[in-house]
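Participant: Below are the chains, spelled out letter by letter.
Protein chains: 2
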Amino acid sequence: MAETVRLDKTSHQLRLLADALDSGRLGPIRRLVNTLSPAEIGNLLESLPLDERVVVWGLVDPEDDGEVLLHVGDDVRESLLADMDADEILAAVEDLDIDDLADLVGDLPGTVLDEVLKSMDREHRERLEQALSYPEGTAGRLMNPDVVTVRADATVDVVLRFLRLRGELPEHTDYLYVVSRRHQYRGRLGLATLLTHDPATPINRLLDSEQPAFDVEDSNDEVARQFSDHDWLSAPVVDNNHTLLGRITIDDVVDIIRDRAEHQALSAAGLAEDEDMFSPARRAFRRRLVWLGVNLCTAFLAAGVIGQFEGSIDKIVALAILMPIVAGMGGNAGTQVLALMIRALALDQIGSSNIGALLRKELRVALINGVCLGIGLGLIVLLWFHDPLLSAVIGTALTINLLTAAAGGVMVPVTLKRMGFDPALAGGVVLTTITDVMGFLSFLGLATLVLLR
Amino acid sequence: MAETVRLDKTSHQLRLLADALDSGRLGPIRRLVNTLSPAEIGNLLESLPLDERVVVWGLVDPEDDGEVLLHVGDDVRESLLADMDADEILAAVEDLDIDDLADLVGDLPGTVLDEVLKSMDREHRERLEQALSYPEGTAGRLMNPDVVTVRADATVDVVLRFLRLRGELPEHTDYLYVVSRRHQYRGRLGLATLLTHDPATPINRLLDSEQPAFDVEDSNDEVARQFSDHDWLSAPVVDNNHTLLGRITIDDVVDIIRDRAEHQALSAAGLAEDEDMFSPARRAFRRRLVWLGVNLCTAFLAAGVIGQFEGSIDKIVALAILMPIVAGMGGNAGTQVLALMIRALALDQIGSSNIGALLRKELRVALINGVCLGIGLGLIVLLWFHDPLLSAVIGTALTINLLTAAAGGVMVPVTLKRMGFDPALAGGVVLTTITDVMGFLSFLGLATLVLLR
Chain A
5 MAETVRLDKT SHQLRLLADA LDSGRLGPIR RLVNTLSPAE IGNLLESLPL DERVVVWGLV
65 DPEDDGEVLL HVGDDVRESL LADMDADEIL AAVEDLDIDD LADLVGDLPG TVLDEVLKSM
125 DREHRERLEQ ALSYPEGTAG RLMNPDVVTV RADATVDVVL RFLRLRGELP EHTDYLYVVS
185 RRHQYRGRLG LATLLTHDPA TPINRLLDSE QPAFDVEDSN DEVARQFSDH DWLSAPVVDN
245 NHTLLGRITI DDVVDIIRDR AEHQALSAAG LAEDEDMFSP ARRAFRRRLV WLGVNLCTAF
305 LAAGVIGQFE GSIDKIVALA ILMPIVAGMG GNAGTQVLAL MIRALALDQI GSSNIGALLR
365 KELRVALING VCLGIGLGLI VLLWFHDPLL SAVIGTALTI NLLTAAAGGV MVPVTLKRMG
425 FDPALAGGVV LTTITDVMGF LSFLGLATLV LLR
Chain B
5 MAETVRLDKT SHQLRLLADA LDSGRLGPIR RLVNTLSPAE IGNLLESLPL DERVVVWGLV
65 DPEDDGEVLL HVGDDVRESL LADMDADEIL AAVEDLDIDD LADLVGDLPG TVLDEVLKSM
125 DREHRERLEQ ALSYPEGTAG RLMNPDVVTV RADATVDVVL RFLRLRGELP EHTDYLYVVS
185 RRHQYRGRLG LATLLTHDPA TPINRLLDSE QPAFDVEDSN DEVARQFSDH DWLSAPVVDN
245 NHTLLGRITI DDVVDIIRDR AEHQALSAAG LAEDEDMFSP ARRAFRRRLV WLGVNLCTAF
305 LAAGVIGQFE GSIDKIVALA ILMPIVAGMG GNAGTQVLAL MIRALALDQI GSSNIGALLR
365 KELRVALING VCLGIGLGLI VLLWFHDPLL SAVIGTALTI NLLTAAAGGV MVPVTLKRMG
425 FDPALAGGVV LTTITDVMGF LSFLGLATLV LLR
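As they're listed, the protein sequences go chains A and B. Every letter in the first sequence is one number past the one before it in our numbering, and letter 330, counting from 1, is 334. Every letter in the second sequence is one number past the one before it in our numbering, and letter 391, counting from 1, is 395.
Mixed in with the good hints there might be a few duds.
No copy labels: a pair is met if it fits in one copy or bridges any two.
Unchecked claim - Derived pair list, reagent style DMTMM-like, types lysine to aspartate or glutamate, alpha-carbon separation capped at 25 Å:
no., residue 1, residue 2
1, Lys421, Asp68
2, Lys421, Glu140
3, Lys319, Asp26
4, Lys421, Asp263
5, Lys421, Glu44
6, Lys421, Glu127
7, Lys421, Glu277
8, Lys122, Asp89
9, Lys421, Asp23
10, Lys421, Asp278
11, Lys319, Glu44
12, Lys319, Asp125
13, Lys319, Asp391
14, Lys122, Asp391
15, Lys122, Asp99
16, Lys421, Glu221
17, Lys122, Glu82
18, Lys421, Asp233
19, Lys319, Asp212
By construction, these hints were calculated from the structure, which means they are not laboratory data. For clarity, every value in this text was computed on a predicted model and none was experimentally measured.
So here's chain A without its partners, still in its complex pose (with noise of 0.2 Å):
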């Protein structure tokens, strides 16, 4: 009752795990995992290598392995099915709601599917393939089917023995929802409504119709977006003629903001959200490989616009040492309006009618940072190399550098938009490509044009 929970909880369980691991005693293992939520399952899976996963994903009470499916990523779930046989597959998901086991089944080997599917009564088969019927990322494949309604002619009593005759509500439930005799959506209507009016009422007289309901198509960005808009903890689904076929909750909704912030944060370095931090070495490397190709090629762009001045470099050696930090600040001072622009246009807060506004101010802000820092960075420079014109010329490179740092910082993740690639994967490599190419050319053009003519 009331147990505290703790700091570093998981952190504390691998200590535990590996000494027992090492020990080699899985009993003590058993029952330290099962005492943990699916969720927390998840976790620990997640943060073992292969080999102890395997042993640990063993030991896993098999009524809990559907729920630890469902919150691991795409590849570690992977690794986890291929450890399991046919029947053990099918005896985790069976007992699974209808929105879940459409979200695992593109993951399920093909023979498996079939199983599950044959071991499903009518109607739950339908059901799914209901579910599966909508795109992935829609309101249609988050929404859950299982759905309590009510009609607006009935009073509170009636739906007081409805429910009771009725039994257990479906998970979350905070609203019932109140449909006409085709079933079409018409409002909502919460159980503290229910509770704290006389029987008598009418359920028309208590109905909240201001609750607008999702179209079935509703993309699953849209969807966050209303939640957190209107702390919602869940809100209907309706098809174009407004017939409810289900409701959304806020735990699924969590999952998405998770997801995205994750998408956001890994694909910047050119992964995906779903990567095993323990994948094998062969698999990681290949992915890996793509993204650093595409920076290897990006990298002879700016090495063959150093190679234009090989001449300049070769009666200035100086020029060579100081090229790299006119370029790098470009780089740094991108990654900072970059930063701010990925959000704006994941929060929809850019359009025509603002970007010109923004531009302007980050130009600004860039040419007093280059002056100062272009002044800071010449001082350094004349006290370094005693050449004047050395440092006016560096000076004069970094704030050309850090106003197309701001210029393309703004425009290049808008542009990437426009063109349908995703800001936050691509961003990075375009943007530091213009600061580095940029970077040499203003250096070591002006370099090239003051100090050697």
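Mind docking chain B on chain A? Use the hints.
Facilitator: Below, chain B without anything else, positioned relative to chain A:
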């Protein structure tokens, strides 16, 4: 009714708004703005340049002012508060819940705060002072003290009559809390359970005593983790004596999750999550200057390394052309590992028991990548400069730097965290400094040893 929500709502509104602002007619803007929820108005205000923001803010229904202030970042909030006089602020905040008011208090001008406190009745003032006594970032600050409690020795019928007498329940109430005579938390009782059981059933048979309570001192991060691990919609908060103090609801937890994701995304670029997209240039400039200044210092470190090999570059200018490639590729590879590590650290998935396995895996990946990319890079360099030894040098240097990046990518964030720094904030700077230095050192060092002896 069942109005279907639309994609890209905000940017559509932005365009309408820009048109209306251009035409100078404020009536349509007022009507447009006041169809939005407070969170949507907040989002809209954040996307407006300062002069337009002031105009639109003046058109928001004063009744919504308080809620809107809650839904914008600290910087934007400051810009909005600066535009209100004391009476307006007082009117805006007086209807807020205690936990929301506690959130705002830090941003209110001192004189206004005194006014607010004076205008409250004694009970409210005491509750606000109580809320403010818990440190920011803890369960105590997050909870709402407004909780409905019942006693275990009652029956369903008694509770139903009590609720009808009481009337409206606090927002998002899904469970009532069962307490002892001395107000100690004993368990929870779902509204759904109340509705689906016979009126004569005693509460102590329906009571769920499995739901743990948060300690009032638990951190926001711990609260967020537990909520998403267990799919809770609300949870009780107790003190050391298990006395029930309040209740945390999922909508506040969603805000924490979003804030933390923003913090991670922006702090990697040295920005605060409260950064206002349109903060005055003077202000934005000062904050960014610090970050760029730090980066400038690390750039000089790398330049210093290059400076040690002045003689070598003077003899072979190709070294200057190629050296940024080796340094930059190390930075890219390191950033990938760092992104994975920061996610895993946030999920508390890293401990002394798996760090070794992780390091070995990343070194293995880096070695394969290094050999593949090293051969590729070597071949291109061979075609460009026709010097097999130079090719061998750059391929080897790249492999060395990728191994450095892997080791650094794993160890830098772990070490920073152990030292009490935020790996998301400082990890990138430290790591790219290491890969820059090692990139120049390995390439120019090897070249000096092999090509110039």
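Participant: Could you run down the list of hints and mark each one as holding or not?
Facilitator: Hints versus structure:
1. With identical chains, the CA atoms of lysine 421 and aspartate 68 are never at most 25 Å apart, being 41 Å at best within one copy and 33 Å at best between copies.
2. Only within a single protomer do lysine 421 and glutamate 140 lie at most 25 Å apart by alpha-carbon distance; the minimum there is 21 Å, versus 37 Å between protomers.
3. For the homomeric pair lysine 319 and aspartate 26, neither the shortest alpha-carbon distance inside one copy (63 Å) nor that between copies (57 Å) is at most 25 Å.
4. In this assembly of identical chains, lysine 421 and aspartate 263 lie within 25 Å of each other by CA distance both inside one copy and across copies; the values are 20 Å within and 23 Å between.
5. In this assembly of identical chains, lysine 421 and glutamate 44 lie within 25 Å of each other by CA distance solely across copies; the values are 22 Å between and 36 Å within a copy.
6. In this assembly of identical chains, the alpha carbons of lysine 421 and glutamate 127 never lie at most 25 Å apart, being 43 Å within a copy and 52 Å across copies at closest.
7. For a Cα distance limit of 25 Å, the shortest separation of lysine 421 from glutamate 277 qualifies both inside one copy, at 20 Å, and across copies, at 22 Å.
8. For the identical chains of this complex, lysine 122 and aspartate 89 are intra-copy neighbours only, at 17 Å inside a copy versus 69 Å across copies, given an alpha-carbon limit of 25 Å.
9. Taking the shortest alpha-carbon separations for lysine 421 and aspartate 23, only the inter-copy value of 23 Å comes in at or below 25 Å, while the best intra-copy value is 49 Å.
10. For a Cα distance limit of 25 Å, the shortest separation of lysine 421 from aspartate 278 qualifies both inside one copy, at 23 Å, and across copies, at 24 Å.
11. In this homomeric assembly, lysine 319 and glutamate 44 never come within 25 Å of each other (Cα to Cα): the closest approach is 63 Å inside a single copy and 60 Å across copies.
12. With identical chains, the CA atoms of lysine 319 and aspartate 125 are never at most 25 Å apart, being 82 Å at best within one copy and 80 Å at best between copies.
13. Taking the shortest Cα distances, lysine 319 and aspartate 391 sit within 25 Å of each other both inside one copy (14 Å) and across copies (22 Å).
14. With identical chains, the CA atoms of lysine 122 and aspartate 391 are never at most 25 Å apart, being 82 Å at best within one copy and 66 Å at best between copies.
15. For the homomeric pair lysine 122 and aspartate 99, the shortest alpha-carbon distance inside one copy (14 Å) is at most 25 Å, but the shortest distance between copies (57 Å) is not.
16. In this assembly of identical chains, lysine 421 and glutamate 221 lie within 25 Å of each other by CA distance solely inside one copy; the values are 21 Å within and 43 Å between copies.
17. In this assembly of identical chains, the alpha carbons of lysine 122 and glutamate 82 lie at most 25 Å apart only when taken from the same copy (22 Å versus 61 Å across copies).
18. When the C-alpha separation of lysine 421 and aspartate 233 is checked against a cutoff of 25 Å, the pair qualifies only within one copy, where the shortest distance is 23 Å, while the shortest distance between copies is 33 Å.
19. In this homomeric assembly, lysine 319 and aspartate 212 never come within 25 Å of each other (Cα to Cα): the closest approach is 79 Å inside a single copy and 81 Å across copies.
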